[in-house]
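Number of protein chains: 2
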Amino acid sequence: MPASSSFMPPKRTLMGPGPSDVPDRVLAALAQPTIGHLDPAFQGLMEDIKALLKYAFQTENRLTFPVSAPGSAGMETCFVNLVEPGDTVIVCQNGAFGGRMKENVERCGGTAVMVMDDWGRAVSPAKVEAALKAHPEANILAFVHAETSTGALSDAETLCRLAQDHDCLTIVDAVTSLGGVPLYVDKWGIDAVYSGSQKCLSCPPGISPVSFGDRAIAKIRARTTKVQSWFLDLNLVMDYWESNGGARSYHHTAPVNAMYALHESLVMLKEEGLENAWARHQTMHEKLRDGLKELGLTYLVPAPERLPQLNSVMIPDTVTDEAAFRSALLTDHNLEIGAGLGTLAGKVWRIGLMGYGASDKNIALCLNALRTLLRR
Amino acid sequence: MPASSSFMPPKRTLMGPGPSDVPDRVLAALAQPTIGHLDPAFQGLMEDIKALLKYAFQTENRLTFPVSAPGSAGMETCFVNLVEPGDTVIVCQNGAFGGRMKENVERCGGTAVMVMDDWGRAVSPAKVEAALKAHPEANILAFVHAETSTGALSDAETLCRLAQDHDCLTIVDAVTSLGGVPLYVDKWGIDAVYSGSQKCLSCPPGISPVSFGDRAIAKIRARTTKVQSWFLDLNLVMDYWESNGGARSYHHTAPVNAMYALHESLVMLKEEGLENAWARHQTMHEKLRDGLKELGLTYLVPAPERLPQLNSVMIPDTVTDEAAFRSALLTDHNLEIGAGLGTLAGKVWRIGLMGYGASDKNIALCLNALRTLLRR
Chain A
1 MPASSSFMPP KRTLMGPGPS DVPDRVLAAL AQPTIGHLDP AFQGLMEDIK ALLKYAFQTE
61 NRLTFPVSAP GSAGMETCFV NLVEPGDTVI VCQNGAFGGR MKENVERCGG TAVMVMDDWG
121 RAVSPAKVEA ALKAHPEANI LAFVHAETST GALSDAETLC RLAQDHDCLT IVDAVTSLGG
181 VPLYVDKWGI DAVYSGSQKC LSCPPGISPV SFGDRAIAKI RARTTKVQSW FLDLNLVMDY
241 WESNGGARSY HHTAPVNAMY ALHESLVMLK EEGLENAWAR HQTMHEKLRD GLKELGLTYL
301 VPAPERLPQL NSVMIPDTVT DEAAFRSALL TDHNLEIGAG LGTLAGKVWR IGLMGYGASD
361 KNIALCLNAL RTLLRR
Chain B
1 MPASSSFMPP KRTLMGPGPS DVPDRVLAAL AQPTIGHLDP AFQGLMEDIK ALLKYAFQTE
61 NRLTFPVSAP GSAGMETCFV NLVEPGDTVI VCQNGAFGGR MKENVERCGG TAVMVMDDWG
121 RAVSPAKVEA ALKAHPEANI LAFVHAETST GALSDAETLC RLAQDHDCLT IVDAVTSLGG
181 VPLYVDKWGI DAVYSGSQKC LSCPPGISPV SFGDRAIAKI RARTTKVQSW FLDLNLVMDY
241 WESNGGARSY HHTAPVNAMY ALHESLVMLK EEGLENAWAR HQTMHEKLRD GLKELGLTYL
301 VPAPERLPQL NSVMIPDTVT DEAAFRSALL TDHNLEIGAG LGTLAGKVWR IGLMGYGASD
361 KNIALCLNAL RTLLRR
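So the protein sequences, as listed, match chains A and B. Residues in the first sequence are numbered consecutively from 1, following the UniProt record's numbering. Residues in the second sequence are numbered consecutively from 1, following the UniProt record's numbering.
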């Protein structure tokens, strides 16, 4: 047996692609005493979380709730419920997560029509429109709003309008966008959306907020085959998360303490105000951008397509061992930034400014640490 | 918007079917600062958790790790990876969770051959043997070791031997048994097993420890179809949880803080010693049983088949509104006990003595509260 003593994590500053820094209030909420998942007090909390998530997503969708598992499971919840064998889904890929969407479509027995854009660029509405025209059999359009692997922001409003013009439902990955940049589920007519707790909501990882509109629910209700996942089957989950005035039916045991934390993070978002949170992310992004420029670092993503909360910068030629550089940031400064993923591995660093971590203090720490190590 | 103020849960004593009481040490671990899921410190924690889970499961299985989602997802991990379309699975049902196994088999395109026993009784080895003989095409036997819905303990050792005699793999639900009663994954030759964090491990709900042996892994590697779930695909998860000396490949973001808590609960189990924990559950069960007898309460399950950690008692005729009775326990005594599930709804109460909650203090509270309310 290895050492089996209590674990004391180091105190890091988390400026990677997530998890992001978790405020003390949220950590304290996490450690409140566990109660039963069918306790009336917990049921009240579930209702509050649903209402707060509606605010965060800017939606009146009745079916808005947190999936009891990480963002990947939120993605899968959307696909396994909405995609039936025989469906054609137009999947936009401009980074790592579009590829995961393709995997999901195919494992549901659907056909994925790929619309490819360069890693680091927004999804091209012109290409999407061409694909919609070329594939009238398509009934779903899926894309990533904020690509965590590159830092590119796509024009979700335009993409959703195109989908609607071609009678397609939309599945939108808002893992990194929720709480960080404008996202209007109802105004833009998004049919299904998923996010994660560990990005701009500043919560520990493990929970995936989702929301489904009426057209999405109608497609789920009209399924002729069972959803392949029992755990993620919305027909069952709906009975658990919606009391409809009656008794909730037991589906699975909700991660009670994780819900305390999610609730507290949503309360903090409500206190700040969604628009103020978006504006803070933008302001902090500009401060970081100016500081990075002074250090001679350049962005992967063109300015108009940049996510404020995820800054991908090109690794300078002077850095010969980028992994060692990130290790030094971690060891000497307790600062975590992200490596590049996939085709961008070894080429970019990803610097997160998410939620609570989008702060002057974090920017100062990051710029100082980069300055120190780049001078070596 | 509803009230969006911080949530302060009531302080309950949890003696239902789970979640069970969480010790302060585990809650404190949960609230440690979040670090990155690829941080070297977190990777070290992952290795410690795997080693401690091997101890808890009594296995040397390399593929022993916690699924980042509740027990239902642990169950689904076993079925979606091991069952391919065309497989025949003998599923034992003696309570609610055997029915869920059937759902899983069918959603994987398999055929479930059901072996039915009364709710409240152990699985009958004779019936299982007959089914194995009648269905030589079956390649998997699935059963629940400790039925949380009834409090019955089945003879996992004998059932596994029967499966081996008929060249079947075994999938065993150990959600409520792990840490509470003897469970020997290697000695009994269990091929795939799943559990939950919120029962005898005394952790908050949300995580499902699993373990897979070599024969199970061989079947997964020999699949001709992709696992229908991307999130639960062990081919991908293995690369994340097994470093093999190289870099871990990113699969999903692990629920970092939940892993802190799981680790601490496993450290506590190791400190006490597995055999001591099993003995404590048995001792406390006998104390509770004697007290319940004094109150005139009788058990659903015959003595030799009883789970120490889950005590299902018949609701006495004098209690005309059992839901109101449980509400009074909750309101007047802050005590949660469980209702009956499925066919046992309204007929039994389920009193848990799980993990940290298997204590003299909890038994005294429970017996006193029942005595007070039954006298009314």
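Heads up, some of the hints might be wrong.
Because identical chains cannot be distinguished in the list, a pair is counted as satisfied if it fits within a single copy or across any two copies.
As the list claims (entries may be wrong) - Taking lysine-lysine pairs in the BS3-like style, the calculated list, with each CA pair at most 30 Å apart, reads:
hint: 1; residue 1: K102; residue 2: K226
hint: 2; residue 1: K102; residue 2: K54
hint: 3; residue 1: K11; residue 2: K54
hint: 4; residue 1: K11; residue 2: K270
hint: 5; residue 1: K270; residue 2: K102
hint: 6; residue 1: K102; residue 2: K219
hint: 7; residue 1: K102; residue 2: K11
hint: 8; residue 1: K293; residue 2: K102
hint: 9; residue 1: K347; residue 2: K54
hint: 10; residue 1: K11; residue 2: K287
hint: 11; residue 1: K219; residue 2: K361
hint: 12; residue 1: K187; residue 2: K102
hint: 13; residue 1: K133; residue 2: K54
hint: 14; residue 1: K187; residue 2: K219
Keep in mind the hints are simulated off the structure, nothing from the lab.
**Q.** Index of numbered hints that the structure contradicts, given in increasing order
**A.** Numbers 5, 7, 8, 9, 11 and 13 - these are the hints that the structure violates, sorted from lowest upward.
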